[in-house]
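Q: Listed here are the chains, written in short residue letters.
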Amino acid sequence: MRHVVEALPLTEPVFFILLSLASEPRHGYSLLKNIESLSVGRVRLSTGTLYGALRRLLEDGWIERFQTDDKSRDKQTYRLTAQGLAVLEQESDRLKQLSRIATGILRTREA
Amino acid sequence: MFLYRMLLRLYSAEYQYDFGSEMLAVFRQAADEHRTLGILTYLQFLTAECAGLIKGALSEHHFRSSLAPFCGGIIFAAVVNYLFYSGILRLLATVDRALHNASLLGADPLAMPITIAMFGLAALLALLPLFIFLGSRINPRPS
Numbered sequence: 001m002r003h004v005v006e007a008l009p010l011t012e013p014v015f016f017i018l019l020s021l022a023s024e025p026r027h028g029y030s031l032l033k034n035i036e037s038l039s040v041g042r043v044r045l046s047t048g049t050l051y052g053a054l055r056r057l058l059e060d061g062w063i064e065r066f067q068t069d070d071k072s073r074d075k076q077t078y079r080l081t082a083q084g085l086a087v088l089e090q091e092s093d094r095l096k097q098l099s100r101i102a103t104g105i106l107r108t109r110e111a
Numbered sequence: 001m002f003l004y005r006m007l008l009r010l011y012s013a014e015y016q017y018d019f020g021s022e023m024l025a026v027f028r029q030a031a032d033e034h035r036t037l038g039i040l041t042y043l044q045f046l047t048a049e050c051a052g053l054i055k056g057a058l059s060e061h062h063f064r065s066s067l068a069p070f071c072g073g074i075i076f077a078a079v080v081n082y083l084f085y086s087g088i089l090r091l092l093a094t095v096d097r098a099l100h101n102a103s104l105l106g107a108d109p110l111a112m113p114i115t116i117a118m119f120g121l122a123a124l125l126a127l128l129p130l131f132i133f134l135g136s137r138i139n140p141r142p143s
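Chains as they are written, first to last, in this note's numbering: chain A, 1 to 111; chain B, 1 to 143.
Chain A with its partners taken away, still in its complex shape (with noise of 0.2 Å):
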């Protein structure tokens, strides 16, 4: 189990997932289409890449399975953990400071 310190920045994968399992618990193939909707249509995650992601954050413990009436294991449900929560939490206060940062130094710059 990594520490959240440790886990930041988060990988641009990472962070959709997370995001898109803060709204609601999704199974695989939701995810997939939640994520591409979430970006524009810019991150387009391929099975191998969100499965390798999904495994990483169970065994950190940031997400997890989640019992629906639907028990087939090729249809399992995940949803965020309170630790996943606060990875979350803190990722985006870090993308919110460095937005700040970035905005003052373009405004300086532009005046």
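Treat the hints as calculated values from the structure; they're not laboratory data.
Treat the numbers as computed from the prediction; the structure is a model and nothing was measured.
All C-beta atoms, glycine included, are put in the ideal place defined by N, C-alpha and C.
Treat the hints loosely; a few may be bogus.
To be verified - Computed from the model, here is a short list of chain B residues facing chain A with C-beta under 8 Å:
hint, residue
1, Q29
2, E49
3, K55
Claimed, not checked - Far from chain B, by Cβ distances over 12 Å, these chain A residues were calculated:
hint, residue
4, L31
5, R42
6, R44
7, G52
8, Q76
9, L95
10, A102
11, R109
Unchecked claim - Estimated spans, in silico, between C-beta atoms of each pair:
hint, chain 1, residue 1, chain 2, residue 2, range
12, B, E14, A, L106, 42 to 50 Å
13, B, Q44, A, L38, 18 to 26 Å
14, B, I39, A, Q83, 39 to 47 Å
15, B, L46, A, R42, 30 to 38 Å
16, B, I39, A, T11, 25 to 33 Å
17, B, H61, A, R44, 20 to 28 Å
18, A, S99, B, E33, 30 to 38 Å
19, A, R107, B, A51, 39 to 47 Å
Use these hints to put chain B onto chain A, whose structure you have.
A: Just chain B now, with coordinates in the frame of chain A:
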């Protein structure tokens, strides 16, 4: 689908058990969708999927091989000990032959190599933690 199944075999058995059928189901759904978007889009999708699977399998093996440095340390220790042992043994065999030729050896000729073998084993066990540490420094665990 056949190619996808074949490439899935690049992953460990544990990984295939955990995610194999799920990945296959997601791939099937995505492939059905891309098939309707034209042959070029479909081929692009298949290429990306195959590349993703190979890349995923490689990084998975790298991730799983976090115990590799320790195995590397053990193998390193064994090789060093073997070289040390075989070198000393060869030297002693020469001495032994010289002694035998001079008819000075009264003891069992096998006694010396056995002592050296035991010394080698003791050295292997004593140096094992050091080699494991060195092995893990050479190839640190991926984060």
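Q: Checking hints one by one. Is B/K55 an interface residue toward chain A, by the C-beta closer than 8 Å rule?
A: At about 6 Å, which falls below the 8 Å cut-off, the nearest Cβ of chain A leaves the hint on B/K55 intact, so it holds.
Q: Note whether the CB distance of B/I39 and A/Q83 lies within 39 to 47 Å or breaks it.
A: holds (44 Å)
Q: If I take the minimum Cβ distance from A/Q76 to any residue of chain B, is it greater than 12 Å?
A: violated (6 Å)
Q: Double-check B/E49 for me: the hint is only fine if its C-beta lies closer than 8 Å to a C-beta in chain A.
A: Since the shortest Cβ distance to chain A is 5 Å, the answer is holds.
Q: Does the Cβ pair B/H61, A/R44 satisfy 20 to 28 Å?
A: 24 Å Cβ-Cβ, so the 20 to 28 Å window holds.
Q: Check the non-interface label on A/R44: least C-beta distance to chain B beyond 12 Å or not.
A: violated (7 Å)
Q: Just want to verify: A/G52 was marked as not at the interface with chain B; is every Cβ pair farther apart than 12 Å?
A: violated (4 Å)
Q: Would you check whether the claim that A/A102 is not at the interface survives, using Cβ distances to chain B and the 12 Å cut-off?
A: Consistent with the label, A/A102 stays out of reach of chain B, its closest Cβ about 27 Å off (over 12 Å).
Q: Per the stated criterion, does the least C-beta distance between A/R42 and chain B lie above 12 Å, as a non-interface residue requires?
A: holds (14 Å)
Q: Can the hint on B/Q29 be confirmed by a CB-to-CB distance to chain A that is less than 8 Å?
A: holds (5 Å)
Q: A/R109: least C-beta distance to chain B exceeds 12 Å?
A: Fine: 36 Å to the nearest Cβ keeps A/R109 off the interface.
Q: Is it true that A/R107 and B/A51 lie within 39 to 47 Å of each other by Cβ?
A: Taking Cβ atoms as reference, A/R107 and B/A51 lie about 41 Å apart, which means the hint holds.
Hint compliance for this structure: hints 4, 6, 7, 8 and 15 are broken, all remaining hints hold.
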